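Peer 1: The lines below spell out each chain.
Number of protein chains: 2
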Amino acid sequence: MTPQGALPAQVRVVEVGPRDGLQNEPAILPLMTKQLFVTRLAAAGLPVIEAGAFVRPDRVPQMADSDELFRRLGGVRGPVLTALVPNRRGLDRALRCGVRAVAVFTAASEAFALRNINMDIARSLEVFSQVVSEAHAAGCRARAYVSTAWWCPYSGRVPCETVVRVAASLRDIGCDEIALGDTIGAATPMEVTALIERLTRDLPVGLLAVHFHDTRGTALANVLAALTCGVATVDASAGGLGGCPFAPGASGNLATEDLLYMLHGMGIETGVDLDAVAAASRALAPALGHPMPSRYLQAGPPRAVQG
Amino acid sequence: MTPQGALPAQVRVVEVGPRDGLQNEPAILPLMTKQLFVTRLAAAGLPVIEAGAFVRPDRVPQMADSDELFRRLGGVRGPVLTALVPNRRGLDRALRCGVRAVAVFTAASEAFALRNINMDIARSLEVFSQVVSEAHAAGCRARAYVSTAWWCPYSGRVPCETVVRVAASLRDIGCDEIALGDTIGAATPMEVTALIERLTRDLPVGLLAVHFHDTRGTALANVLAALTCGVATVDASAGGLGGCPFAPGASGNLATEDLLYMLHGMGIETGVDLDAVAAASRALAPALGHPMPSRYLQAGPPRAVQG
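Chains A and B supply the protein sequences, listed in that same order.
Per numbering that gives the first Met the number 0, residue 0 is the first one in the first sequence, and the count goes up by one each step.
Per numbering that gives the first Met the number 0, residue 0 is the first one in the second sequence, and the count goes up by one each step.
Same shape as in the complex, but just chain A (with noise of 0.2 Å):
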């Protein structure tokens, strides 16, 4: 880690959870709920939101209305919308909807890619070497997210230098961006530190994103870890949708609001209304079925009372 001066001043949130967040709901929501949840997000200042994703509708009923979703969106001002896209049929998709940024996603674990995106890795990069073309092409920013950078729910372990030749390829076919996911929230700060330090001997440290789960509770000290190496976009979601706090293993993204709180609080600005994305998270939540993990949502801001 680094010196405290050399933390960045800034840092910019992407919101996931509209995305990745309610992918993992067990809930489907109406599309106007999803709707109203995005228009809020934005209002909130956050400048990225991952809106939906062009899957097939029979595996992930959840995202089966994105295309509807991002043309109601059309209007919206303010945050970049972004688009999962597996391959050049959802690119398609996304584009036909107005989409201009789109996200792929792979793995640093052969068992979790073939599990996950049924592509050994290998061949998940000749597939997004394509999509990244092609988004390029139209325009569109293209970001990647390396699932199971530190850890593998099937293999265990992930050696630093897999991620390495992952990132380095995702570097090579053009991606703008590319994320390191502790896919089941199982990574400690000195770990996140040693392969942030091993990427950037090879990578600018600007290409990477960081996207931790809090199952664990350690999502904010590596987000700290993170910093400390100089990383500035920092991936989350509101109300740690996509996690439940009851539920055994549950493997929530880290909480957007958890994390604004913490930046904030160390003097980093992010641009984003902490207490607007709270309420954004509130109106949602019965919706869901259950309480959001979110801590800070539960405790409110550290007020002071009439004692």
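One or more of the hints may lead you astray.
To be verified - Label pairs and their in silico Cβ distance ranges: (1) A:Pro56 to B:Arg197: 49 to 59 Å; (2) B:Ala193 to A:Ala167: 30 to 40 Å; (3) A:Ala8 to B:Pro60: 44 to 54 Å; (4) A:Gly299 to B:Arg58: 24 to 34 Å; (5) B:Gly270 to A:Gly74: 51 to 61 Å; (6) B:Glu268 to A:Glu160: 22 to 32 Å; (7) A:Ala26 to B:Ala121: 48 to 58 Å; (8) A:Glu160 to B:Pro60: 56 to 66 Å.
Stated by the list, open to error - Residues on chain A that point at chain B, a partial pick, calculated with CB under 7 Å: (9) Cys96; (10) Trp150; (11) Ile172; (12) Gly173; (13) Ile183; (14) Ala185; (15) Thr214; (16) Leu219.
For the record, the hints were derived by calculation from the structure and aren't laboratory data.
Please read all numbers here as calculations on a predicted model, not as lab measurements.
From the three backbone atoms N, C-alpha and C, an ideal C-beta is built for every residue, glycine too.
Fit chain B to the given chain A structure using the hints.
Peer 2: Frame of chain A; chain B shown alone:
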């Protein structure tokens, strides 16, 4: 923050669940349940366990049986068992039960001290001066809590210099350890670093411990910040006892399991068996009437599964 090379190789975990945790639970547990809980925590290798408080039974019924509890725990080998004592009467009770280490509790905020211990800070220091002298004369170690070291629920942000004055006074009256408490779980890492760096201009870092609440999810990030300043004694509560994941504003202590998971993942030794602590928490949970907030306790270890 200092470079990662400066992280302590070992951390002493002070288990506060049986006192600070149970004192803040609505349920009053049977003596036998508490005895078994402390015995299990001791067997897990925790080096220090705050097992009870010699306070007024009418004010704190959860601790009313501390005398009998400590008598029964007399045979427990391994950890130092500590007790909170508010004054000389409490100390006398503790000594009669064979207690060999005590803790006193004051604050860095006058408003909090007046409401919580019914004394202003100066008066608490007078009282504790006698308590610590007598404790030392009896061969007891004496720790002091400085609650509201960063934020006060009544007066808001607490100035660094106030904490420095209180901590220096506690050192002057002979306290062997000073635990800085983020009582309402509002601190963020730079505030932690700033206070500890300021304190260690006047006090040896080995005198300091940190006591974080995970109210807004920042506890482990704050621990990381404290470790990088050289602090090597960290308080935690088994299962996150003392907080409920669904209670509005629940201000549970940092969970021992979450702390151990992070420390062990960072290669920092504690001498504590994480799985044994989790088993102690699970065995206690049915008596509480609500789930425990520790994230690790819900998720378990990241074992590779058969896909």
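Peer 1: List in ascending order the numbers of the hints, as given earlier, that are violated by the structure.
Peer 2: 9, 11, 12
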